[in-house]
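Novice: Take a look at the letters that make up each chain.
2 protein chains.
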Amino acid sequence: MMLRPIGILGGMGPEATSLLQRKLVEAVPASDDRDHIPLLIDMNPQVPSRIAHLIEGAGEDPGPTLAAMARRLQDFGALALAMPCNTAHHYAKAITDAVDIPLLNMVELTADHATKAIGSGGCVGMLASPAMRRTRLIETALRVRGLSVVWPADDDPMLAAIRKIKIDGPCVEARETLRAASKELAAAGADLQCVACSEFSLIADSVAAEANAIDTIDLLVRAMIEFSQTGHLGETE
Amino acid sequence: MMLRPIGILGGMGPEATSLLQRKLVEAVPASDDRDHIPLLIDMNPQVPSRIAHLIEGAGEDPGPTLAAMARRLQDFGALALAMPCNTAHHYAKAITDAVDIPLLNMVELTADHATKAIGSGGCVGMLASPAMRRTRLIETALRVRGLSVVWPADDDPMLAAIRKIKIDGPCVEARETLRAASKELAAAGADLQCVACSEFSLIADSVAAEANAIDTIDLLVRAMIEFSQTGHLGETE
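First to last, the sequence lines map onto chains A and B.
For the first sequence, this note's numbering begins at 45 and goes up steadily by one.
For the second sequence, this note's numbering begins at 45 and goes up steadily by one.
Hints in this document: simulated from the structure, not taken from any laboratory.
Note that the structure is a prediction, hence the values are computed from the model and not measured.
Where a beta carbon is used, it is the ideal one built from N, C-alpha and C, also for glycine.
It cannot be assumed that every hint is accurate.
Claimed, not checked - If we take Cβ atoms under 10 Å as the criterion, some of the chain B residues that face chain A in the derived model are:
(1) Ser62
(2) Ile81
(3) Pro89
(4) Gln90
(5) Ser93
(6) Arg116
(7) Phe120
(8) Asp141
(9) Val143
(10) Ile145
(11) Pro146
(12) Lys210
(13) Ile211
(14) Gly213
(15) Ile269
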């Protein structure tokens with residue numbers, strides 16, 4: 045089978061990119077190396093901070109850096125792009141404007157999945173970065189599909205948990221924060237909860253037991269495998 | 045600190061490349077994403093089989109594919125190259141001939157480390173692919189430094205264990221094979237044992253308790269961090 049190489053805008057952070065790679069390897073039934081998806085990865089931990097730009101209103105715009113990475117990946121031979129960082133999808137237009145190949149857009153994949161999973165009128169709970177909330181990116185994608193959105197009331201513990209995972213990796217404090225937020229969303233009536241932050245993906249098993257949760261990175265993995273194997277960009281399940 | 049990007053000739057197999065990335069992330073004390081080493085990764089699981097070419101004498105020469113990958117990584121902006129596959133170092137000359145940037149050669153790093161660790165006259169036990177043995181690559185590198193080499197008597201279980209890890213990931217049978225081989229090398233008088241196959245790196249904690257073992261991928265990690273941070277290509281410790 046001819047497999048199409050996919051370019052990864054990576055390093056935001058490095059552990060999220062590694063997690064995507066691990067999930068891709070696990071999701072492909074392989075009898076030899078050559079069954080696995082070819083990837084071209086720009087692991088660039090020096091992309092200007094999305095959180096600094098979006099929340100603190102300080103620091104460099106990451107858009108031009110991401111656009112340059114996308115162009116290089118296209119030149120390198122990538123036939124589609126993927127970006128294992130939900131917040132960075134705020135800069136999706138800068139990326140797609142820079143290239144002729146498609147971006148497997150994790151936010152759009154998530155909104156499509158939610159529509160199918162709980163139907164129009166449903167309520168989606170978000171376990172994501174406050175920077176993601178600030179962009180209203182997922183909100184917009186869900187609302188045009190007739191779904192509503194609920195977030196944890198307090199942003200600060202979520203941001204602190206993300207920063208702690210970036211420094212220490214998965215840790216008990218972050219797990220407790222995620223579980224409490226997930227319980228809060230379930231109580232607020234979320235029909236589906238989206239783990240939509242690559243750091244939280246590392247501890248996605250810590251959502252509340254009563255949550256009906258999906259991980260956006262798993263939706264990206266499915267879309268990548270389908271594109272690589274078939275060239276198809278449509279629905280991912 | 046300006047960090048130099050390193051190009052990875054990866055995908056041989058994908059899990060070994062992921063392991064290298066994970067070890068790099070763990071080895072860098074980071075307070076933010078931007079402290080991590082920038083990598084440009086050509087994750088190409090479709091490189092022609094090194095084992096088929098070297099052992100079975102069948103199949104395509106991987107050299108030209110690796111040379112093309114190296115050139116693309118240089119064009120992409122890599123300032124040095126690394127390859128988390130010991131056996132593929134048989135093709136190191138095809139790679140270095142194709143580019144103007146250095147290859148952080150895992151075999152040479154291993155031979156240098158062994159010389160320092162046990163001194164000239166010492167005996168190094170190899171836990172590696174029979175394809176690696178066939179190339180006499182590490183043997184040559186060690187012998188010019190005055191060290192001798194010992195291998196497990198029977199190649200077949202080692203090859204079977206590598207193939208099993210490529211299909212199933214780390215598994216009990218492969219761990220038992222590695223432990224038995226490591227006991228055999230200790231009994232044969234190895235002063236140092238080298239885990240020199242990226243598949244065995246995934247189960248390196250299964251060497252015999254009495255073994256004085258190092259993992260070649262850890263030597264590569266140290267050399268990559270030093271190069272990225274300082275531009276220095278010299279001794280790695």
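Novice: Decide, hint by hint, whether the structure agrees.
Specialist: Hints, one by one, checked against the model:
A cut of 10 Å between beta carbons decides the hint on Ser62(B): the least distance to chain A is about 5 Å, and the hint holds. For Ile81(B), the suggested interface contact is upheld, since its CB lies about 8 Å from the closest CB of chain A, less than 10 Å. Among the interface hints, the one on Pro89(B) holds; its C-beta lies about 4 Å from the nearest C-beta in chain A, closer than the 10 Å criterion. For Gln90(B), the shortest C-beta to C-beta distance to chain A is roughly 5 Å, which falls under 10 Å, so the interface hint holds.
With a least beta-carbon distance of about 8 Å to chain A, the hint placing Ser93(B) at the interface is held under the 10 Å criterion. About 6 Å separates the beta-carbon of Arg116(B) from the nearest beta-carbon of chain A, less than 10 Å, and the hint is met. Contact between Phe120(B) and chain A, as hinted, is supported at the beta carbon level, the nearest pair being about 6 Å apart and thus within 10 Å. Hint status for Asp141(B): violated, given a least beta-carbon distance of 21 Å to chain A, over 10 Å.
This hint is violated: Val143(B) has a C-beta 15 Å from the nearest C-beta of chain A, more than the 10 Å allowed. Interface restraint check for Ile145(B): the shortest CB-CB distance to chain A comes to about 16 Å, outside 10 Å, so the restraint is violated. A hinted interface residue such as Pro146(B) counts as satisfied when its beta carbon comes closer than 10 Å to some beta carbon of chain A; here the least separation is about 19 Å, so the hint is violated. The closest approach between the C-beta of Lys210(B) and any C-beta of chain A is roughly 6 Å, which is under the 10 Å cut-off, so the hint is satisfied.
The interface hint given for Ile211(B) holds, since its Cβ lies 6 Å from the closest Cβ of chain A, which is under the 10 Å cut-off. The beta carbon of Gly213(B) comes within 8 Å of a beta carbon in chain A, closer than 10 Å, and the hint placing it at the interface holds. Residue-level restraint check for Ile269(B) is violated (minimum Cβ-Cβ distance to chain A is 13 Å; threshold 10 Å).
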